[in-house]
Amino acid sequence: MSADLLAVCSLLSDYGFYADGGKYDEWLGLFAKDCSYHVVPKENVDRELPAALIYCDTRGMLEDRIQSLRVVSKYNIHTDRHIIGIPRITTIGPDALLAEAPFSVYQTEQEGETRLFATGLYRDRLHRNGKGLRISQKMVVLDTFAVPSLLATPL
Amino acid sequence: MLDRSSATERENAVTSAIWPRNDYSRVPYRFYHDPSVYQLELQKVFGGATWSFIGLDVEVPKPGDFRASYLGETPIIFNRDEDGEIKAFVNRCAHRGAMVRRELTGNCKTHTCIYHQWCFARDGKLLGVPFRRGVKGQGGYDKDFDTATHGLQQVRVASVYGVLFGTLSSEAEPIESYLGEKMRDYLKRIFERPVRVLGYHRQRVRGNWKAYAVNPRDNYHASLLHDFFGTFGLDRTSQIGGLTMDPRHRHCVTWGRAEDEATRQKSLQTYANEQIQSSGLKLREPSLAEFLPEGPDDLSVAILSIFPNCVVQQIANSIAARQIRPRGPDEFEIFQTLIGFKDDSPEMTLHRLRQTNLVGPAGLVSMEDSEAIEIAHRASKAEGEEAAEVVELGGGGAISDRDYRANDVSVRGFWSYYAEILGIEPVGAQR
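In order, the protein sequence lines correspond to chains A and B.
The first sequence begins at 1 in the working numbering and counts up one residue at a time.
The second sequence begins at 1001 in the working numbering and counts up one residue at a time.
Honestly, the hints are just simulated from the structure, not real lab data.
No experiment lies behind these values; they were computed from the predicted model shown.
Every residue, glycine too, gets a C-beta built ideally from N, C-alpha and C.
A couple of the hints might just be wrong.
Partner residues are not named here, just some residues of chain A that face chain B (Cβ under 7 Å, in silico) [stated by the list, open to error]:
#, residue
1, 24
2, 44
3, 50
4, 60
5, 74
6, 79
7, 83
8, 85
9, 145
10, 146
11, 148
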């Protein structure tokens, strides 16, 4: 396994672990200082339509999302479990990588019932700084664009 | 129509006696759960003399463009003919009932069913069937087989400023009087400008479609359930606003005016006194909740509900048309078309795209709706005949327009027209 692949796998495993554990400061810490985060229904991607379910084109907006999630949003009480597949990596610059990884998220309700909540593809632009790889752009292409119930916790 | 119901079903059928009060301030939970009520709705609400929202004119700009939609649970296709007119038909082959068009969108001259290659025109007329005269003189259809009687079921389409409504009924009143002047004006307010589709949101909710149809009519919940509004000062019940209905009270607009800063601070204080306001939290990107005035008035929120399945929403600069698609008594889909305008500047388009964060399944002021509907659906399932929900804010009695926001009167308007359509209005019913 190449060093790049290992580093990306490690980043993605942290990503899922922090998201599922509700460790949102650590989760935000995986993003670069300037970053974007979009969750886009696959039907919009296929038809080249720009609207997203979550559209954060600045880090400030992503932080607003997390603040809202923590303070104001009310949503189904549940546990998430990210299953992230092996990423496909393309080098796009001296310190920049494109990583595409399939993912699924299972949701378990309070009484122990689990359902497949979402599946799709991560399209991440990553760059390397002194501390390692950080996410500069993340696009979550959502195959499950008929969203079951609601989408509050991060994919 | 054949009555396929059993004797027991007929005995248990809903009647006008089901209403505890004739002003619809009590709504029995049975309406949200009973499969026989749902069957009646498919027949009389979605298959009856009403107009359902099916899509937008701008989605099929060129001759041959088609898009799939629904009337209740019935799949339909609307498409543009050579002469520019929009035609629609039920997407069910007149032969063996297969979906003729499997794609959701596309462009074509004709529609051919894959099963036996029956081929239909864009207006649903049957153009031809394979082996009509048989093969080598054997088989084929009888001589009196008439293609004219085997077309696809027609859907009547009406366009109001490019917003498309469909009906299966030949008895539905003209769309102009169905909507009424005020509702047409609210559609005009948005759709008079040339529209651009920015994308779609879809959401599957484990509840009954009517719970969603009445939700935007209920001004009560908006700033209480959706904490984002009050916390970040976007929309409050104390804002100047109100409720406007059509003469029959089947449709409505709930609206709120943009406030100047002094008024905003004063009403935030009202919230603080009621201990509803969460904190002095601020957004890092305030544009998310910022209203850039556009259009002919100063309304920062205007939510139009059209019976039975349509919501047109303006929340700040986020604009969308929602179609409620029922899927049995226990599930529905919200199909939301997000729009901007062809003359929007690139900055305005970006502003609208950012404000899509407010709406849809992940919307900062909308995600709570589906949770509220699901927990109500779950908790009311086991209730018997007598149990009913309370709809009484703004008082009971007459159903009428209000120039204040703390009311849910048009929820009663919805039920009054629903009861009329189902033929179960109580004695002395309010309308």
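Against the structure, the hints come out as follows:
1. For residue 24 (chain A), the interface hint is violated, the least distance from its beta-carbon to any beta-carbon of chain B being 15 Å, above 7 Å.
2. Contact between residue 44 (chain A) and chain B, as hinted, is supported at the beta carbon level, the nearest pair being about 4 Å apart and thus within 7 Å.
3. Taking 7 Å as the C-beta cut-off, the interface hint given for residue 50 (chain A) holds, the closest approach to chain B being about 6 Å.
4. The beta carbon of residue 60 (chain A) is positioned within 7 Å of a beta carbon in chain B (closest approach about 3 Å), and the interface hint is therefore held.
5. A cut of 7 Å between beta carbons decides the hint on residue 74 (chain A): the least distance to chain B is about 5 Å, and the hint holds.
6. Hint on residue 79 (chain A) is violated. Least Cβ distance to chain B is approximately 16 Å, over the 7 Å limit.
7. At a threshold of 7 Å, the smallest CB-CB gap from residue 83 (chain A) to chain B is about 21 Å, leaving the interface hint violated.
8. Proximity of residue 85 (chain A) to chain B is violated relative to the hint, the smallest CB-CB distance being about 23 Å (cut-off 7 Å).
9. At about 6 Å, the closest approach between the beta carbon of residue 145 (chain A) and any beta carbon in chain B falls short of 7 Å, and the interface hint on this residue holds.
10. Taking 7 Å as the C-beta contact cut-off toward chain B, the hint placing residue 146 (chain A) at the interface holds, the least distance being around 4 Å.
11. The criterion of a C-beta within 7 Å of any C-beta in chain B is met by residue 148 (chain A), whose closest approach is roughly 5 Å, and the hint holds.
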